[in-house]
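*Asks:* Now for the letters of each chain:
Protein chains: 2
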Amino acid sequence: MTVFDEELQHLKEKLLRMGSLVEDAIKHSIQSLVERDNALAQKVIDNDRLVNTLDVEIDEESIRLIALRQPKAVDLRFITMAMKITTDLERMGDLAVNIAERALELNQEPVLKPYIDIPRMREIAQGMIRDALDAFVRKDKKLATEVIMRDDEVDDLKHEVLQELAFFMAQDPSTVFRAMKVSFVAQYLERIADHATNIAEMVIYLVEGKIIRHTVLPSDLQM
Amino acid sequence: MTVFDEELQHLKEKLLRMGSLVEDAIKHSIQSLVERDNALAQKVIDNDRLVNTLDVEIDEESIRLIALRQPKAVDLRFITMAMKITTDLERMGDLAVNIAERALELNQEPVLKPYIDIPRMREIAQGMIRDALDAFVRKDKKLATEVIMRDDEVDDLKHEVLQELAFFMAQDPSTVFRAMKVSFVAQYLERIADHATNIAEMVIYLVEGKIIRHTVLPSDLQM
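Just so you know, the sequences run in chain order W and U.
Following the working numbering, the numbering of the first sequence begins with 2 at its first residue and continues without gaps.
Following the working numbering, the numbering of the second sequence begins with 2 at its first residue and continues without gaps.
These are computed hints drawn from the structure, not numbers from a lab.
One or more hints might be untrue.
Note: identical chains are not told apart, hence a pair may lie in one copy or across any two.
[To be verified] The list that follows gives simulated cross-link-like pairs (lysine-lysine, DSSO-like), each with its CA atoms no further than 27 Å apart:
no., residue 1, residue 2
1, K114, K28
2, K28, K44
3, K15, K28
4, K140, K114
5, K140, K15
6, K140, K44
7, K142, K85
8, K85, K114
9, K114, K142
10, K73, K85
11, K13, K85
12, K85, K15
Build the full structure now, drawing on both the sequences and the hints.
*Replies:* See the structure below:
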């Protein structure tokens, strides 16, 4: 293994660590909502700085690698894509913080209804992140394609959540503020899944050297 | 002017062209809502492929430049940042499409209320994009800082819009579906302003070589 291979390996590990922190943040943010656990929500908010630190570190390390090692072809593509991926991961971390913030607000009020579809959305979105990053470091096109397919499930679930919330609001005006906040959570999860889809699309770009980004319609076109 | 300078200039121009297309998309998407102009909304949706084409072209050109010219220090930083910026711009284009989609739906129904704050949000967000990109190509830290400050105005306006919509829904259940769609538009605009803020933060990173990203709290923490 050359020094460059080791450096590349190190970069991959950092990216996976960042992904794993983001996964935890998303999981805990939804858990803090479902279990009305304010301490956990606060932990998600506080821990976001760890994600941000890794974002900066990966950028710095990537730039240093490019400058020192002058990688070519697929390695150069891999490193530049890693820098683009951190942007998506960092955004997902922010979205987990947004969910935790809404949890802190919603936990002060009576429960609107048991959360069923939202934990399901969380589960799919979290799996999409893990698989998209695995696909990236292993350059696994098949897995990346599967991730992209799963985005529709998240969109369908979001659609159901929003329909149901609209029904609540129309039936009982006292639910409006809470229902809107729950609708935000569903939208944050949908955006998280979109970011995972972005990453998966970059994997296919990396492997094929051609673009499938933008051949799939943006998934959040429907309500 | 060296060949490399010319290539760099070309990259900047492409990035500005992409920014200008995104600005138009955002402007027209809100116009299609306010003026109930379905043809214009459809145009925004159709034109998104131009934004996507530029996104791919800028990535390809950046990778080619790095491989061929092996740029160092600030030039390398500039080119890698350009690739990260296209991710933000491409996302803004998608959000303009989302606005246009909501416009097509809302235009089929009676007007909920005249749009006042939303066009104002659009105006600020659009200015933020233009200035963030200008700050990037001119490496203008002062302008970038101003862009970041303006994000609060957009957040405040969004907050007002959402409060007002919640009031509508609570008063009259028949407005729920429309009000939710309008609330989505306000949130899309807020996300567009967030992306512009991201770009401005990258400018400061580029100029100072240090990170202010993540020293500012994510702006969409409040409802």
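*Asks:* The structure should be examined with respect to each hint, and the outcome stated for every one.
*Replies:* So, going through the hints one by one against the coordinates:
no. : hint         : in the structure
1   : K114 to K28  : within (20 Å within a copy, 39 Å between copies)
2   : K28 to K44   : within (12 Å within a copy, 39 Å between copies)
3   : K15 to K28   : within (20 Å within a copy, 39 Å between copies)
4   : K140 to K114 : neither (42 Å within a copy, 51 Å between copies)
5   : K140 to K15  : within (16 Å within a copy, 29 Å between copies)
6   : K140 to K44  : neither (33 Å within a copy, 37 Å between copies)
7   : K142 to K85  : both (18 Å within a copy, 22 Å between copies)
8   : K85 to K114  : neither (38 Å within a copy, 40 Å between copies)
9   : K114 to K142 : neither (40 Å within a copy, 48 Å between copies)
10  : K73 to K85   : both (18 Å within a copy, 19 Å between copies)
11  : K13 to K85   : both (13 Å within a copy, 18 Å between copies)
12  : K85 to K15   : both (14 Å within a copy, 18 Å between copies)
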